[in-house]
Amino acid sequence: MSPSFSPASGFLGGVLIGLAAVLLLLANGRIAGVSGIVGGLLSRKPGDIGWRVAFVLGLWLGALVYWAARGALFELELLATPGVMIVAGFLVGYGTRLGSGCTSGHGVCGIARFSPRSMVATVVFMASGIATVYVVRHVI
Amino acid sequence: MATAARERLQPIFALLSGTLFGLGLAVSGMIDPAKVLAFLDVAGAWDPTLAFVMLGALCVTTPAFHYVLKRRRPWFADAFALPTKADLEPRLITGAALFGVGWGLAGLCPGPAVTALVTGSAGVTAFFGAMLVGFLLHDRIEARNAMADRPIAPRKST
Chain W
60 MSPSFSPASG
70 FLGGVLIGLA
80 AVLLLLANGR
90 IAGVSGIVGG
100 LLSRKPGDIG
110 WRVAFVLGLW
120 LGALVYWAAR
130 GALFELELLA
140 TPGVMIVAGF
150 LVGYGTRLGS
160 GCTSGHGVCG
170 IARFSPRSMV
180 ATVVFMASGI
190 ATVYVVRHVI
Chain C
117 MATAARERLQ
127 PIFALLSGTL
137 FGLGLAVSGM
147 IDPAKVLAFL
157 DVAGAWDPTL
167 AFVMLGALCV
177 TTPAFHYVLK
187 RRRPWFADAF
197 ALPTKADLEP
207 RLITGAALFG
217 VGWGLAGLCP
227 GPAVTALVTG
237 SAGVTAFFGA
247 MLVGFLLHDR
257 IEARNAMADR
267 PIAPRKST
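So the protein sequences, as listed, match chains W and C. Quick note, in our numbering, the first sequence goes up one by one and the last residue is 199. Quick note, in our numbering, the second sequence goes up one by one and the last residue is 274.
Derived from the structure by calculation, the hints contain no laboratory data. Quick caveat: nothing in here was measured; it's all calculated off a predicted structure. All C-beta atoms, glycine included, are put in the ideal place defined by N, C-alpha and C. It cannot be assumed that every hint is accurate.
[Claimed, not checked] If we take Cβ atoms under 10 Å as the criterion, some of the chain C residues that face chain W in the derived model are:
id, residue
1, 159
2, 160
3, 195
4, 222
5, 262
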C-alpha cells in the first residue's frame with residue numbers, strides 16, 4: 060500500500076464536499092455535479108449563468124483558502140505528458156456529457172439519492188479508470 | 117419574498133457551496149492527480165484515500181438529501197432541478213466508460229480539473245480546454261441528432 064494513504068484528511072475533505080452538495084440542493088435546488096455545472100455554461104441559457112460562474116469562483120476560492128492556511132502553494136504532480144492530458148481531457152468532457160455526470164454528480168449526489176443510473180455509472184467509470192491505469196502502468 | 121428576488125440569492129449560495137467543495141478537494145488531496153492515480157492503481161502502491169473521500173461525502177449527502185428532498189421546494193428556487201431519466205441506456209454506460217479512460221490517463225475528473233486551474237498549471241489548462249471541446253462536441257452531436265429525430269410533417273398533396 061502507498062505510504063501517502065491519508066484516510067482522516069480524506070474523510071474530512073469528503074464531509075466538506077458532502078456539505079457543499081447539501082447546501083447547493085437545499086438553497087438552489089441544484090445537483091452539485093461539476094461536469095453539469097460547467098457544461099451548462101456553454102449552452103448560455105439566459106438567467107442560468109450567474110450561479111454556475113459563482114460556483115466555479117467558489118472552487119478556486121476554496122483551494123486558495125486551503126493554500127493560505129497551509130502557508131504554501133500546493134504542488135500538483137502531473138504524471139501524463141501534454142498530449143495525453145489533451146486526449147484525456149477530451150474523453151472526460153465527451154464521456155461525462157454522454158453519461159450525464161462525473162464523480163461528483165453520479166458518485167456523490169446520485170448514489171445519495173439511490174439512483175440506479177448513478178450507481179451503475181460510478182461502477183463503470185471506476186472499473187474503466189482502474190483498467191486504464193492497469194494497462195498504462197503494468198502492461199505497456 | 118417574490119420568486120425573482122429569491123432567485124437573486126442563488127449565486128451567493130453557489131459561491132458558498134463551491135468554496136466548501138474546493139476546500140474539500142484540497143483538504144482530501146483529490147486535487148492532486150498523482151493521488152487519484154494511486155487510488156486507481158490497485159495493482160501497484162495502492163492509496164485507498166479516494167474511497168474515504170466518497171465515504172465522507174456520502175455520510176453527509178445520503179441522510180441530508182433524504183430530508184432536503186422532503187421539502188416542497190428549495191430555499192431560493194421554485195422547484196428542485198433533479199435528473200429525470202431513469203433507464204440504464206447504452207449511452208450512460210458508454211459515456212461512463214469513456215470518462216473512466218480519460219480519468220485513468222490523467223488522474224483528473226471535472227471537479228479537481230476546474231479547481232486546479234487556479235494553480236496556473238499548463239497541463240491542467242490543456243486538459244480543461246480539451247474537456248470543454250468534448251462538452252461542445254457532445255452537445256453539437258446531440259443537437260444534430262435531435263433535428264434528425266424530429267418527425268417529418270406529412271406533405272400536403274397538391
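Results of checking the hints against the structure:
1. 159: Constraint on residue 159 of chain C satisfied, holds at 6 Å.
2. 160: holds (6 Å)
3. 195: holds (6 Å)
4. 222: holds (4 Å)
5. 262: Given a least distance of 13 Å, the restraint on residue 262 of chain C is violated.
In the structure shown, a violation is registered for the earlier hint numbered 5 alone.
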